[in-house]
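Asks: Please build the complete structure, drawing on both the sequences and the hints.
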Amino acid sequence: MSVRTLPLLFLNLGGEMLYILDQRLRAQSIPGEKARKVMNDIITTMFNKKFMEELFKPQELYSKKALRTVYDRLAHASIMRLNQASMDKLYDLMTMAFKYQVLLCPRPRDILLVTFNHLDAIKDFIYDSPGIMNQVDETFRRLIDTYNCLSDGEFQLIRQTLLIFFQDMHIRVSIFLKDKVQNSNGRFVLPTSGPVPWGTEVPGLIRMFNHDGDEVKRTEFTTPGNYVTPQREGSFGLYGDRVLKLGTNMYSISRPVETHMSGSSKNLASHAKENTVPNPLAKEELNFLARLLGGLEIKNPSGSDTGFRLNLFTTDEEEEYAQTRCTD
Amino acid sequence: MAAADTEYRRQQSLPLPGSSSALYNNLSVLRPPVPQPQRFSAVHGNTLSLLSAAAGTGTGLGHRQLPAPQPGPGIGAALITQAAWCVLPSRVLLVLTSQKGIQMYEADGSVLVYWHALDAPEHPPEQAVFARGISAAGEHFICVGTSSGPVLVFDIPPKGTNVTVSEVLEHHGAAVTDIAAEQGQAPDGAGDLVSADDAGSLCVWSTGEGFRLVSRVPACGCTCSSVVLWQGMVAAGFGNGQIRLYDAVSGRLRAQVNAHARWINALDLAPETGKLLSGAEDSFVHVWRLSRSLDTDDVEIHHCHTECVPDTQICGARFCDPEGDSFAVTGYDLSEIFRYSRT
Numbered sequence: 001m002s003v004r005t006l007p008l009l010f011l012n013l014g015g016e017m018l019y020i021l022d023q024r025l026r027a028q029s030i031p032g033e034k035a036r037k038v039m040n041d042i043i044t045t046m047f048n049k050k051f052m053e054e055l056f057k058p059q060e061l062y063s064k065k066a067l068r069t070v071y072d073r074l075a076h077a078s079i080m081r082l083n084q085a086s087m088d089k090l091y092d093l094m095t096m097a098f099k100y101q102v103l104l105c106p107r108p109r110d111i112l113l114v115t116f117n118h119l120d121a122i123k124d125f126i127y128d129s130p131g132i133m134n135q136v137d138e139t140f141r142r143l144i145d146t147y148n149c150l151s152d153g154e155f156q157l158i159r160q161t162l163l164i165f166f167q168d169m170h171i172r173v174s175i176f177l178k179d180k181v182q183n184s185n186g187r188f189v190l191p192t193s194g195p196v197p198w199g200t201e202v203p204g205l206i207r208m209f210n211h212d213g214d215e216v217k218r219t220e221f222t223t224p225g226n227y228v229t230p231q232r233e234g235s236f237g238l239y240g241d242r243v244l245k246l247g248t249n250m251y252s253i254s255r256p257v258e259t260h261m262s263g264s265s266k267n268l269a270s271h272a273k274e275n276t277v278p279n280p281l282a283k284e285e286l287n288f289l290a291r292l293l294g295g296l297e298i299k300n301p302s303g304s305d306t307g308f309r310l311n312l313f314t315t316d317e318e319e320e321y322a323q324t325r326c327t328d
Numbered sequence: 001m002a003a004a005d006t007e008y009r010r011q012q013s014l015p016l017p018g019s020s021s022a023l024y025n026n027l028s029v030l031r032p033p034v035p036q037p038q039r040f041s042a043v044h045g046n047t048l049s050l051l052s053a054a055a056g057t058g059t060g061l062g063h064r065q066l067p068a069p070q071p072g073p074g075i076g077a078a079l080i081t082q083a084a085w086c087v088l089p090s091r092v093l094l095v096l097t098s099q100k101g102i103q104m105y106e107a108d109g110s111v112l113v114y115w116h117a118l119d120a121p122e123h124p125p126e127q128a129v130f131a132r133g134i135s136a137a138g139e140h141f142i143c144v145g146t147s148s149g150p151v152l153v154f155d156i157p158p159k160g161t162n163v164t165v166s167e168v169l170e171h172h173g174a175a176v177t178d179i180a181a182e183q184g185q186a187p188d189g190a191g192d193l194v195s196a197d198d199a200g201s202l203c204v205w206s207t208g209e210g211f212r213l214v215s216r217v218p219a220c221g222c223t224c225s226s227v228v229l230w231q232g233m234v235a236a237g238f239g240n241g242q243i244r245l246y247d248a249v250s251g252r253l254r255a256q257v258n259a260h261a262r263w264i265n266a267l268d269l270a271p272e273t274g275k276l277l278s279g280a281e282d283s284f285v286h287v288w289r290l291s292r293s294l295d296t297d298d299v300e301i302h303h304c305h306t307e308c309v310p311d312t313q314i315c316g317a318r319f320c321d322p323e324g325d326s327f328a329v330t331g332y333d334l335s336e337i338f339r340y341s342r343t
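Chains A and B are the protein sequences, given in the same order.
In terms of our numbering, the first sequence opens at residue 1 and continues consecutively.
In terms of our numbering, the second sequence opens at residue 1 and continues consecutively.
Since the hints were derived computationally from the structure, they do not count as laboratory data.
Now the stretches of chain A that chain B is said to cover, found in silico as 3 or more residues with beta-carbon under 8 Å: (1) 139-153; (2) 161-169; (3) 187-195; (4) 198-210; (5) 213-224.
Please read all numbers here as calculations on a predicted model, not as lab measurements.
From the three backbone atoms N, C-alpha and C, an ideal C-beta is built for every residue, glycine too.
Replies: In structure tokens form, the structure reads like this:
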């Protein structure tokens, strides 16, 4: 519906992908130089100027298939390789994480703060490369120019468009289950306590006025919720405290990346049934973006830059097992 | 006047063939005279689920799905923004609004009566293009809002397919969100239709051969997602969780409720009692009671009841009877319609 959704979808999913890759690179003890090269190559490709220009044009969201192809290309923009099972798992984790962030955003406008959190973290990954830093800052400014002026209603339309894209996805993620933000049926927990969004009042007060506008009566009602007023608003500038934690890196050495094997997306009955009407444009858009990404200079493995395989599972055996259950 | 908490109990849910989408006002209920079954509809992406339930027992009877028809060569099925039954003296039509236009079906969804395509000036457009906001108005009109602001007024013949656009109302500067007709007795000088938009502005109209703007509440910078009109009072639900009551003649604010902790997605009204239902993304549904004294002109709103649908962002809420003794609720990603009743 909203024609301004694609940049937010792409950047946030990309951000989650980088968090996961970073954690797995450490877990697999990939040498520091190689790991940094992979991250730099992917980020350079992601923020390519021509690609960003295309992305920010007003347009409908890509189909799920087209978007998945974009990330397949992106993940292989360097010397790292992933087999299909690991790529599937990576994509499942990315999408469930962003779905969670979109759902839990206090205000629709806070999706922008989530995006800024991802970009702030990306800048940390490439702090020692001024060339790429420039590209990221450029995108930051483009985001601010495009989105800071949108109304709450327009942001809610963007949010509704994203939620329709993520509808019916209930893959269980270990880290979410452990933190009790996701139930065992795959649905996210919606807390009924904590700070209300910036601009909302804590529920309870009823004020009644006469026809001259004077307040004549005031009553209170109670609800089971336990809400408080928020401290301050996050920053929508190039730098600043975003306040919101959604979109920051939740993985670390001690909190590894895992999904529940039994909830594997391949055999979930409720797995999203894609719009069955064949879209003749889908092939077109797939080719265009994939061509754009594929046409970018990819560092080929040579001499000391030998490629390696990244495993999204904790052991090679797990990955092998998952690979055999992959559908084509 | 103390507000007694009236006990509503959960009834059996109605299963939906698809989960509900995150939209405003994503539930419509048709209550024909008993013994005809009640009908429910909820939007799931680009399809509409239609259910019927037996009057009295409320047991599910069956369902069908309405696809939005292919709007043009080579373009994928359009996302539906809203669906609502419009009850006119002569007939009942089921109206669907989408990114491509407006469809009107017979009440049971069996026959497409009329299709109106929206103009899409450029492709792809700079701004989203869609229709949203549906209401019966007057004796023989159906009003539908659009994303650029204009409200289309359709003149509906008592039978057949000869629907025409009789007027275009141009007072909204932002995307229309909801439209509602007076459900009680409008006092003298009050309009009988209200429309709301993304910027929070409300327009009250007097319907007829030529629609006339009666009063206006200016934009407040906060989206009004849902609106109802009863006894000359406008009740409006906002994105910041507030419900506000306005006088339909003067446009003055008469009550302000800090009702929800998140965006309100649905309001409904029970015309026999003045009960108001609100559903929001905070997972709560509240029942309120509106009252207006004819002598003193005091407008009051009191809280009656709260239900929590755990871990659910509510996207639709409707009373299932004119007294407000029962109601139904839909939620994002939820594949059922939750029902509650006092009786």
